[in-house]
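Note that the protein sequences, when read in sequence, are chains A and B. Note that numbering that gives the first Met the number 0 has the first sequence beginning at 0, numbered continuously upward. Note that numbering that gives the first Met the number 0 has the second sequence beginning at 0, numbered continuously upward.
Hints were generated in silico from the structure; no laboratory data involved. From the three backbone atoms N, C-alpha and C, an ideal C-beta is built for every residue, glycine too. Hints should not be assumed to be uniformly reliable.
[Said to hold, decoys possible] Label pairs and their calculated CB-CB ranges: (1) A:THR389 <-> B:LEU292: 34 to 42 Å; (2) A:SER392 <-> B:VAL10: 44 to 52 Å; (3) B:VAL66 <-> A:ASP237: 52 to 60 Å.
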Amino acid sequence: MLRRTLLTMTGLSALGLGGPLLAADVPDGVTLAEDQTFSYRELDQPASIDPQLVEGVPGAHVVQQLFEGLMIQNADGETIPGVATGVEANDDNTEFTFTLREDARWSNGDPVTAQDFVYAWRRAADPATASQYAWFVELAAIEGAAEIIAGDAAPDTLGVEAVDDRTLRVTLSEPKPYFPEMTAHTTFAPVHRATVEEYGDDWTNPSNIVSNGAYMLDDLQLNEFWTASKNPEYWDADNVVIEEVTSYIINDTSQALTRWEADEFDLLEPVPAGSFPRLQEQYPDAAHSTPRLCSYYYSVNMREDAPEALKDVRVRRALALAIDRDVIVERLLQGGQTPGYTFTPDATAGFTAPEIDYATWTQEERDQRAKELIDEAGYDDLNFRLLYNTDESHRQIATVISQMWSQKLGVSTTLENQEWSTYLDTRNAGDFDLSRAAWCGDYNEPSTFLDVLTTGIPQNSGQFSNGEYDELLASAATAENRTEIYTQAEAILSEDMAVLPIYHYANAFLLDPTIKGFPMNNVENNWYVKDFYRVAEE
Amino acid sequence: MTSFILRRLAVAIPTLLALIVFSFLLMEFSPGSPFATERGIPPAVMANLEAKYGLDRSLIERMGIYVWNIVSGFDFGPSFSFSNRSVNDIIAQGFPVTLTYGFWSFVVAVLVGVTLGAFAAIRHNSVLDYAAVGVTVGAQVLPNFVMAPILVLVFTLWLGWLPGGGWQGGQIEYIILPVIALSTSYMASIARITRSSMLETLNAGFVRTARAKGLPMRRVILRHALKPAMLPVVSYLGPAFVGMITGSVVIDVFFSTGGIGQFFVNSALSRDYSVILGITILFGALTIFFNLLVDVAYAWIDPKIRY
């Protein structure tokens, strides 16, 4: 059996040597502020803060403060131990055995045990829970997950077992070398069984909730705020500096900016579109932009009933070439986004982009080649319907791109704007020619992106299909050198122009300069307030 | 009078039923789903979700169950978006917020509006009149979505006197800005209606008679002119009050009060059917109730009106 510990996995030397893994790592000589509170703005009210039901970034931010999974992430987005202290994998990466720390406790004082994880994971897969994230358990390839989610097997057949209170064994149906990384996802956080069973749907109410993270929920008012205070039972509570976390729900981004400027809270992400250059000038110590694990692209419909022209790679290529990405990121968005020539963002760990020829060309060269391609393809009067969901910046981008296509290629576009829910319906039904889309990684590994374009998965809304690509990705799990395979796969996407990549996201935000410890290099935008501290103003 | 009220209440029930049916149908035919996600939901999970919320039943069945739950237990069902909240919970949290700032907006709008309008009429064509007309026209052309950011800019960012949003259980400093933003345009309307109606009344025969009798001006206005002059104002106040307490979407969204207006908008966008329906019925019921109240007030103000 290949013994692998977290030591080698993450390069964390402190682990296993008995040294403490500090929550907030306050350097010597720093004067802490008297007021150790942290507050931030959230765009929307999370629909749920139940780890197995939560979806979306706002919800994940709550769960990350209240609950702790086997693994969490550090400031660079690397996986580090949370409740687990170590993990061993078998030779073919189909069985993982996690050791849990002895001092992990729930906020009511109960120990956090392997059984808590078993209960939570079964709960995530159980169709009765009706979790919109159930698919993540299947994605992680835990044995039996697919059958349970389909309703064909009982939840207790899931390949996860508590060997004893401190040992959790997970069996996978296929090799997943990066499985431990996936356990940092909120869906895999433990829940306190007795509380869930006693209160049912109401167990996450502030008066009932029992959690195992660095903070405990004190109050939650829908569409207004939630607030949490330090959990004294948390295993690393001695190193948690921030005493209280508050989140304000502010739908209107400009209003949020005014309130940030009036010092009402510390962190505002994202800043209003287009305002970043001004803010950077005005608040150089507070304005930051960091890469984000998200890709913005246009999905191309290649279904049976889609326009023939779109099934012609020359047309797709011409459309991709004619998009002047610099105009979009530098003139429109201006928030540190980068032009996208690949589907997988460059910031993804373990990803090396293939050489994309047109990425190195000038825009004139691209335009010229695009024109040649479209002439060669020989379609007359091309007109595509471009679907996007209601949003000012999506509208601007669609308008600019349709102008570029019309001027450079003579291709006309009809813009179709629908609000989110309708847009999803239309997109899933395939009633579009081109559609605005975005994908954010669920874990920091290229497969979280590349899997989206494999044959037959629902998220592949354009129904791109390439047998070689599918095989390549399937082989990645057992391969010695996954990076190389991902590079090849991405090269196929580019060759086939499976989607039209446009840009890679950035997280442009304002953070009060007295708050330190914010993870500036975590591309998944996962942050844990336990790592923060507020310094005294000079 | 009693039979009038009873008759009106009897009409209210079919009106509300029609509202429910119509809203139900509108939602039925709107595209999208409350469970739509970009990630795609496994079919078994979707089936469970639909079963949990009764979406696997026929339209008629669902409508019947819905109406029965309301009639038998005043239960508006669970929210589709917020898994651990019922519509009753959401209304219980959001409505008191909206009611509070709506009520104070109403008080401010009526007090300031009526006073301003009455004085302008009494001092017709004086500087005071022109100033009042100027202020009300100005206030009317400033809709609350313009007013609110200006207020926040001045009182929160520049002066630092008041918080730019939030509710915090309804502490006074959190109420002031929403009340100003919401009441301004209502105040302006009330002032203008009061002014023109007062002018008309002051020129009426009975006022001239009262003055000819030698009554002091103050008594003429308070005792004789004000009450009849209020008739058009009162007819405006009914719908205005409902408008204020059912919350302005702008105020709720902008000031993040947690009030009911925000739920109304968000639930429409996220297809949270039960929340849209619940709030629609609440708004409908309030509108019917306050219109009835206005009609009753009419009879009290103007003895000539008989039902």
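Structure-based check of all given hints:
1. A:THR389 <-> B:LEU292: 34 to 42 Å: This hint holds: roughly 39 Å between Cβ atoms.
2. A:SER392 <-> B:VAL10: 44 to 52 Å: 49 Å, holds
3. B:VAL66 <-> A:ASP237: 52 to 60 Å: This hint holds: roughly 57 Å between Cβ atoms.
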